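Undergrad: Protein sequence lines correspond, in order, to chains S and Y.
Here the first sequence is numbered in my numbering, starting from 1 and rising by one per residue.
Here the second sequence is numbered in my numbering, starting from 1 and rising by one per residue.
Everything labelled a hint here was simulated from the structure, so no lab data went into it.
All values reported here derive from a predicted model rather than from experimental measurement.
The C-beta atom is built at its ideal place from N, Cα and C for all residues, glycine as well.
Be aware that a few hints might be false.
Claimed, not checked - Taking CB as the label site, the calculated pair distances span: (1) S:146 x Y:103: 51 to 61 angstroms; (2) Y:23 x S:258: 45 to 55 angstroms; (3) S:209 x Y:138: 32 to 42 angstroms.
Listed below, chain by chain, are the residues.
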Amino acid sequence: MKELVSKIKMRLNILRVNTVNTFQGETAYFGNNWGNILSTFLYTVVQILFVQVLYSQINTFAGYDKNQMYFLLFVSQLGFYTNWTWGEVNHRLLIEDVRRGILDFLLVLPVPSLWYVTFRKIPLLTIARDALPNLVLLAWLINWAHLPLVVGNVVLAVLIFILGIIAWESFCFLLLLPVFWHGESKQIYSLCYVLRDNENVPWEGYRPVFQFTFSVIVPTLFMAMIPVSVALGKVDGWPMFSLAVAVATVFVILKKIFWKIALKNYTSAS
Amino acid sequence: MKLFFSVVKFNWLKILAYPFEIIAFFACRLIALGMLALFWYAFAQSTGGTMDFKPLVAYFLVAAAIKDLTFSTDFKFGRYIQKIIMQGEISNYFIKPVKTVPFLFFSYAGENGMGIVYAFISLTIGLVVLPPASWVNILAFIIFLFIALFVSVAFNTLIGIISFHSTEGSGFRNAINHVIKILSGAIIPLTLFPIGIREIILLLPFPALVFTPAYVLQNNLSGGEMFFTFSVSLGWAIVLFFLTHYLWRYSVKKYEGVGI
Chain S
1 MKELVSKIKM RLNILRVNTV NTFQGETAYF GNNWGNILST FLYTVVQILF VQVLYSQINT
61 FAGYDKNQMY FLLFVSQLGF YTNWTWGEVN HRLLIEDVRR GILDFLLVLP VPSLWYVTFR
121 KIPLLTIARD ALPNLVLLAW LINWAHLPLV VGNVVLAVLI FILGIIAWES FCFLLLLPVF
181 WHGESKQIYS LCYVLRDNEN VPWEGYRPVF QFTFSVIVPT LFMAMIPVSV ALGKVDGWPM
241 FSLAVAVATV FVILKKIFWK IALKNYTSAS
Chain Y
1 MKLFFSVVKF NWLKILAYPF EIIAFFACRL IALGMLALFW YAFAQSTGGT MDFKPLVAYF
61 LVAAAIKDLT FSTDFKFGRY IQKIIMQGEI SNYFIKPVKT VPFLFFSYAG ENGMGIVYAF
121 ISLTIGLVVL PPASWVNILA FIIFLFIALF VSVAFNTLIG IISFHSTEGS GFRNAINHVI
181 KILSGAIIPL TLFPIGIREI ILLLPFPALV FTPAYVLQNN LSGGEMFFTF SVSLGWAIVL
241 FFLTHYLWRY SVKKYEGVGI
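Start from the sequences and build out the full structure, keeping to the hints where you can.
TA: This is the structure we're talking about:
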């Protein structure tokens, strides 16, 4: 029990230190943030224009009206920013460290290595800077009163969303591991961007074979499509929640196993 | 020209060192195409059959090929120039007895040989799905493709020039990229826009990047329409060429390198 508490304390301490360290780095050159604010704002505007143009041709898309599509976009963006600012940042750092052979500087630290490389940077300022204005804009566009949201469904949807983020981060982590063997994995890791790039198709727009593929084998639909469908009451939440728990668990276990295998193959430059 | 082709060959050979990356590249592109097809299939279904799925898919296959052949995909050539400038490596290119921008262009072209191979595959499939009506369409496509190349290189260079004047180039580059993506017809065909807005967008340089070449390949335009489209595209290509040329020379004069 004491050992477990000590392990948890160490991990929480790593989170705290990395958060503070990342914040100091983000605020060192504050002027650099303006370009990114403009970029993410324009991206959201383009997405809104995209939906507007689409719905000028149709009334519903895979059973979703425009308001529900904005809701889907809102949750997709939430998932994107969470994954992009936390998962992707740390994954890119890890790829570079392995390529340059300097990962052993991290491995010699007296900390759990997988936990450390997963949470090395926690850019809260980037999330606030990039995500908040755009999510506020989308939230303002949504007519919340017209969405058939029920508390129970929303709670399940939030839990599925969180599990989806965990499963997706673990899946992307597996895609970066070839760098330990081949010395490069940028293109292989790029599969994450491509597989995630389906945020405009609701769960109901997929055929059953794709629903299975993109939830169990490539867990991309858990980040937005499934939570939205559950929140809107279009699918039963409890089976989806159970599936999310199972998928997230499997991918986290796979992440741990393959991390150990990858480390055995690692050769440093020092 | 012989030197530039040697540069292309050298950079092409570099990417062959990582064969799994090549496989992953093609996998990425094919999956992206699949996602696109999925989305537009769902859209076509939602129109209740009033919109045909085939022309939409053919459009995006040809559009993807155009973007790769003209290096306008996410303006990665511009990102390449920005990276070289921000890291100070541009100084090494300035001291070479070659024109810098063409040298950088051919270096980048070599490194993106896979994109060019994929472009031909995508274009071929697009032509099979929706064959052009006549040889006139193909000839017009080739002419507009060259114009698209000029416009794309100009935009990429303008994006690269940002790094001469700002330490934060990536944010502005991404901002420009998002706007151009929708106005060029890369993510949604301009034919789906409301007619008033479409008329305005067609006067801008952005459709020349993707929409215009794909549109002339897949549709029969009248003589007047063809002349108007050609004039607008060529006009913008000339304006952007001179603008880029002037801004590049102005920026290089302001550039300060550190110890070669």
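Undergrad: Taking the hints in turn, state whether each one holds.
TA: Cross-check of the supplied hints:
At about 57 angstroms, the beta-carbon gap between residue 146 of chain S and residue 103 of chain Y stays in the expected band of 51 to 61 angstroms. Hint check: residue 23 of chain Y to residue 258 of chain S, Cβ distance near 19 angstroms, so the stated range 45 to 55 angstroms is violated. Between residue 209 of chain S and residue 138 of chain Y the beta carbons are some 37 angstroms apart, a value that agrees with the proposed interval 32 to 42 angstroms.
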